Amino acid sequence: MAEDDRKDATRDAVGREIESAMNGQVSGLPPEQAEALREKIRLRVREEIERDLRARTASDRKDAAHLAKEARKKEKHGEEGETFIRFNRNFRFQHMVMFSSVILLIITGMPLKFPNFILSRFVINFWGGIQYSTIVHRIGAAMLIYFMIHHFLYTILTRDGRRDFWLLLPKLEDAKDIVHNIRHFLGKLPDKPRFGRFSYIEKFDYWAVYWGCIIMIGSGLFLWFETDVLRFLPKYALDVAHEMHSDEAMLATLAIVIWHFYNVHFNPDRFPGTLLWWHGRMSEHEMKEEHPLELEEIVARRAKESAEVSNG
Amino acid sequence: MRKFALTAVLVFLGGGAFLPGLAGDASASISLEKCTLCHGKPEFRKLLVNGQIRDLFVTGDSLAGSVHGKKGCTDCHFDVSEIPHREHPKRVTCTHCHFKGNHEGAPQSDNVLAYFDSAHGTAIARGNTKAPLCQDCHGSHTILKAKDPGSRVARGKVAETCGRCHMEVYAQFKGSIHGAALAKGIAEVPSCTGCHGEHKIYARNDPKSTIYSTHVSEQCSKCHASIKIMGKFGIETEQVATYKESFHGVANQFGSRTVANCSSCHGVHDIRPPADPLSMVNPKNVPKTCGKCHPGANPNFAIGKIHVDAKKKESGIIYWTATFFKWLTIGTMLALIVHIFLDMYGRTRRLRGER
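Keeping their order, the protein sequence lines are chains A and B.
Going by this note's numbering, 3 is the number at position 4 of the first sequence; the sequence numbering is gapless.
Going by this note's numbering, 135 is the number at position 109 of the second sequence; the sequence numbering is gapless.
Derived from the structure by calculation, the hints contain no laboratory data.
All values derive from a computational prediction rather than experimental measurement.
Incorrect hints may appear among the rest.
What the hints assert, rightly or not - Here are a few chain A residues that face chain B, going by a calculated C-beta distance under 7 angstroms:
no., residue
1, G80
2, G186
3, D190
4, K234
5, Y235
C-beta atoms are modelled at their ideal positions from N, C-alpha and C, and glycine is treated no differently.
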């Protein structure tokens, strides 16, 4: 009911504004013609307003539903606290492009490194034979190259990208955190190190991907356009690229499957996995556990902002 | 009555003469002497339609010394039942005796069946009169055991026998390293049958063939992966392993037919050592050889070893790259795994209520 009243009130207000504006325009015309024109414009304007209101109420309804869901969740898991957006939509999209390309690359590439392994032949034949699995490998490669370009632009052009880049740079704190964490594991120190937005584990993952992408894309392009490369470089350069591609692939696969999966999915806090890569949200409780310094910063910023609002 | 009996006896005897099969062992009926009445004259020959002269001279010594030394003329030419024979005798059918389970004492093998499945046998079946039958390779009267060095199908002579029809290939083979070694009488060197098989010869695009594109490396590696054989000639055996590890080798093992196999680069019948200027893998010819598949190949293709083994120190920068990545991987993964185990150790301590 209240919503309908609000709609009517808005419509009337806008209608009055238009009426007064129109009166200035039609003053020179004969009365019947002026009335007909006014009626026409009124109809058109009313349609526009209706449409605008409909759109707004739809998005309002979506927001309201989301808030209600949040409220229910809060009631159920009170200890989790409010949720924070840890990774924005753009960042999640990049991560999804990257991991789908890496999965494609691993499953089409590893059989070539281990041709005698029992599953290799099956995997290659799954794509229809070597002549097609190499095409799939190149599709994966194109996706990874796209991800790399997208991430460069994201880092340069967006505010979040620039902020995250500076926060990801390794600092002396990280070395201290490693020592602190290991002492904590061994029971020498009671508390975990207090991490900011990115812990040393996440920084390692980030720069490992950087290193991996440069080596893999660089050497991979050599192997992709082998004849063009050999126009300028001797054959052993291609052999070096082949060796790098093969060895770095192994390192990257092991690091992802063992290290990254343990830290984000399989460790006892998260087992059997997290959907953070999909929704990008993190609860207050998790923030307190894993990124306390970032949480403090956010709380401090909010306090400052609300103080400014109330002052202004 | 007496007349009838006489007629019966005469008919019986006559039948015995005309049907040697019925008359049992007396069938060695047509004796050598009768055949050599005509065939024993050295000038006994026939002018064929195409102008060739066919020598028809056969004596009692023709079969002597051959594996069929104890056989008579009509044991093989069994369609000759009267002398002189009115019709041109048919080609000898070896399968008359040579099949598995025969009672003639002929060698027991399925080679006949293998032959009928082969490229030559199927060509015969399709009606190609130029395709060879048994006797075209093994010889007609002077058949010897294949192990006998004088045999037409002996290792040293079989190339010449095949070359009677495959003349261009034989000429190429004679110039190749295998052909030259064969001429020197080296026992290990492959002749035609060494790669193509003896009776199971198939066309090169037949998946059953030993020289089908995905079988070539296997075929070459029979000798070239053997240190025992290659050691005698000072040839390295690592070429097989390095090929199988290379992208060409891996794709070939996965069934790619477009990727290079041994013979794509080294040649098929004209394989020569790399130092030979005519060799396809001579550094000067490498651009042309690689250019068959990689259009625009240039001399850079020849800078650096082709059969490169990253595990050997002689490979230089490739070895060092491999070593760097090996230790990088071991070091990184060790550190990461230690970190994971420490993490789990710490969690266990805290779960147990320890500090």
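Each hint tested on the structure:
A hinted interface residue such as G80/A counts as satisfied when its beta carbon comes closer than 7 angstroms to some beta carbon of chain B; here the least separation is about 22 angstroms, so the hint is violated. A least Cβ separation of about 5 angstroms between G186/A and chain B falls short of the 7 angstroms threshold, and the interface hint therefore holds. The restraint placing D190/A at the interface with chain B is violated, with a minimum CB-CB distance near 11 angstroms, outside the 7 angstroms limit. Given hint, K234/A at the interface with chain B, holds; its Cβ is 4 angstroms from that chain's nearest Cβ, closer than 7 angstroms.
Using the Cβ-Cβ criterion of 7 angstroms, the hint placing Y235/A at the interface with chain B is satisfied: the shortest such distance is roughly 3 angstroms.
Going through the hint list in order, the structure does not satisfy hints 1, 3.
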